[in-house]
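J.: Knowing the structure of chain A, use the given hints to seat chain B on it.
There are 2 protein chains.
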Amino acid sequence: MGNFIFSKEEDFSKWYLDIVQKAKLADYGPVKGCMVIMPYGYAIWERIKRILNDNFEKTGHENAYFPLLIPYEFLEKEREHIKGFSPELAVVTTAGGEELSEPLILRPTSETVIWNMYSKWIKSYRDLPVKINQWTNIIRWEKRTRPFLRTTEFLWQEGHTAHETEKEAKEETLFILNLYKRFIEDYLAIPVFCGQKTEMEKFAGAVSTYTLEALMQDKKALQVGTSHYLGLNFAEAFDVKFQNKKGEMDYVFATSWGVSTRLIGALIMVHSDNKGLILPPKIAPIEIIIVPIFKVDNEANKRILEYSTTVFDILKREGFRVEIDKDVKNSPGFRFAAAELKGIPMRIEIGSNDIIMDCVTVARRDKDKNSKYQVSMKELLSKMRCELENMQSELFNRALEFRNLNTKEIIGFKENDYDTFKTYINNHLGFVLSSWCGSEVCEEGIKNDTKATIRCIPEEFQNRSLNNLTCIYCNGVVKYLVLFARSY
Amino acid sequence: MGNFIFSKEEDFSKWYLDIVQKAKLADYGPVKGCMVIMPYGYAIWERIKRILNDNFEKTGHENAYFPLLIPYEFLEKEREHIKGFSPELAVVTTAGGEELSEPLILRPTSETVIWNMYSKWIKSYRDLPVKINQWTNIIRWEKRTRPFLRTTEFLWQEGHTAHETEKEAKEETLFILNLYKRFIEDYLAIPVFCGQKTEMEKFAGAVSTYTLEALMQDKKALQVGTSHYLGLNFAEAFDVKFQNKKGEMDYVFATSWGVSTRLIGALIMVHSDNKGLILPPKIAPIEIIIVPIFKVDNEANKRILEYSTTVFDILKREGFRVEIDKDVKNSPGFRFAAAELKGIPMRIEIGSNDIIMDCVTVARRDKDKNSKYQVSMKELLSKMRCELENMQSELFNRALEFRNLNTKEIIGFKENDYDTFKTYINNHLGFVLSSWCGSEVCEEGIKNDTKATIRCIPEEFQNRSLNNLTCIYCNGVVKYLVLFARSY
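Each protein sequence line maps, in turn, to chains A and B.
Using this note's numbering, you'd call the opening residue of the first sequence number 1 and step up by one each time.
Using this note's numbering, you'd call the opening residue of the second sequence number 1 and step up by one each time.
Isolated chain A, as found in the complex (with noise of 0.2 Å):
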């Protein structure tokens, strides 16, 4: 037991999940692959929450709830929706008592049962465009599961927005992308790859699935979010006509798209290390801890709990997320570990010597220990600002060098380019930048070849020629530049 962790260079799964135990982020539940989210690990999910939250409400999005059961035959009414969800569903058969004579299933995703309501509550273009959001739990049954990554239960957002023209309709499920993007590089300091998902990685249901990708310290890579653009497929399927402004009756187009409680499973692969969890000052529930260092002599223990409590009632005030570690039984030591594991952003340690020098002595979790240097009161509040948005930034650019020096381009121009594109892929791992002539065949043999999927047409490559690039795999014409990487 202990705070002992795997290294991640030795074992980097059972890194993980020693950081998300014993972190107090999540437990194992009683049911295979249900997790139980421990409240330290909630916290970072409730300040996810709370961001993202005020982002959509402040772009025009409403909060709903809808029902957790759905009816079966509802999912079967989008032909390409129930084959990709089939699999993964967990049935209701008896309930009060009694067998149910029409099967219920716990919601996978809720387009359906959404859709079904839009129908009776869209009927001009006056109620368009509907943006709701919903934060809830969703069900899926995995076969192989892994806390926060992939559980049968997890918690998400799941936004679904109704509009009158295809053009409204793509520019929400960009816009949505972007958002994503911006919230996950901003607070999470976690780079992204954004752009479509191929006809096979789609979500089902989809006429476009955009994705963002990350890069984990494994090199593998990470879907940390989706924003589908849906057509006319669930208006179809639901009936959901609005009589438009010249009085003729239309199919409403739809968007939907998610991010759930992977983030924080993000968050442990891309930042944290062997000492624990590291966590972005603006996604952390702490941001600094207080460790007054107490002594024999209780007087003196006295003076450093309330030079402490100064210090941070001083940081409260000005509205930072703090704590005070009041433990006298465990060693300095054993708390500054206790304060790394939980990837708090700042320690602030207090001893005899600091309230002589009229001082604090401060330390970033992800510099090493020798970097700790003491502060002046007087300069407290400004220091303390400055190295949490220092933190921020160098860890966002951190992974950003760390996810550049692991995306390869491997372009094809001739016919062995394939064994270098398989070698690199078989021995490095990272993000291949590749050509494709968009078969499918291709794909497939690609990803049998070197378990590598096509994670994304990537937006920020598409303005290059592709003039003289052959396909990676067949040879063939290319028609997009694509990202390839095994992922979780």
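Simulated from the structure, these hints should not be mistaken for laboratory data.
As the structure is a prediction and not an experimental result, all values here were calculated from the model.
One should not assume that every hint holds.
As a list, the in silico DSSO-like pairs of lysine-lysine whose alpha-carbon atoms are at most 27 Å apart [said to hold, decoys possible]:
(1) 422(A) x 8(A)
(2) 58(B) x 329(A)
(3) 32(B) x 131(A)
(4) 24(B) x 245(A)
(5) 282(A) x 49(B)
(6) 202(B) x 408(B)
T.: Coordinates of chain B only, in the frame set by chain A:
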């Protein structure tokens, strides 16, 4: 269609359902008994959540999330618990395309899954107290449902605490009861009687249940929250022991407590009228709506809208929850009615005459339409503050007066008192304070004769002398003064 609603005098139940749907609080989902909480209803729930959550947090409670799915056998571990809940369970028998080897139930409440986790987390007195709360959905298969009051799925918070001593756990039970009372009275403006439930009415698995009981305008009672002292029942069922300060192993004492979306039903049934919802200002998502009175003249309309926007900005900056109704198509009368239907506490009308006078016209939702008056811009802020505060306390006082008027004392002294009791309760409804011997035979007898149950043993009457009183039903020795009522 339209906004016409049933009168409550004519049919209270239809009036209630009309307000739910026409004020767009909730709608019926596709599965019987499952409601959709619409954005306006959800906004009320979000205010309830935020205020209660801040209170829980301030008093050292932490949020977490426990799984929806619970092994059936868990419920069987506490004998009374399974007896109480088994008729209401929804059961998942198939998942991921396969029949499950052990059925899983959807949480009807989470004591079992939480105490299963506490058995892993609690080892020593140093781990105590544990004070965890969660905001979740709950499934109970109800035969007769009604939006917000009794639905197959509802949203709630459930607190689950673990303590070293009986004393501490009992104190927590009453502390939360009192926290609920303050919230419900101060924010929802609903007066409540607090007290213990009888053995017959208590929570399945509790040692004792404390309840908050409110009186609706149809003179039926509604239980609006409960707080349970669970003793060692769940600790014993899940073998949750801790090492106490002397080094011995002891069982852990428990409490649980919750309020749900039912509170929204109470808000409707206590305050609202035949024009629609009336919301107490402190809980209203929108406190003030500004209604510009547009004319046919475009130039004038521009000035009116500008002036309205100025008023909006002034109020917004001061932290009021304010909106402008920019509808130019419908008549002022129609727009007033729409704002009234939604129960917005204050309406500010702005027409050309108001601009000339440097005024606005204000109308309070709970006053009759002739009571609207002009307020100079100079007095705008102070007047708004004052009116909102007055409305909050007047709504409470009105509800209290109604409750007191309909709380009758019929206490047993002599043989024929029971006839008086029966006649009264059957004709007048409301609360009846009466004297009871403590026997379930009498409790059942009264229920059969009057459909009234013992809502609680109210705290506020327990210091009265019971000398010379007899049980209203059997004329036996009195044990308690209790409140009877028909209820939802």
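J.: Against this structure, judge whether each hint is valid.
T.: Evaluation of the provided hints:
1. 422(A) x 8(A): Distance of about 25 Å is within 27 Å: holds.
2. 58(B) x 329(A): Distance of about 26 Å is within 27 Å: holds.
3. 32(B) x 131(A): Satisfied, since the Cα-Cα distance of roughly 26 Å is no more than 27 Å.
4. 24(B) x 245(A): Distance ~25 Å between residue 24(B) and residue 245(A) Cα, so the pair holds.
5. 282(A) x 49(B): 24 Å, holds
6. 202(B) x 408(B): Since the Cα atoms of residue 202(B) and residue 408(B) sit roughly 24 Å apart, the hinted pair holds (cutoff 27 Å).
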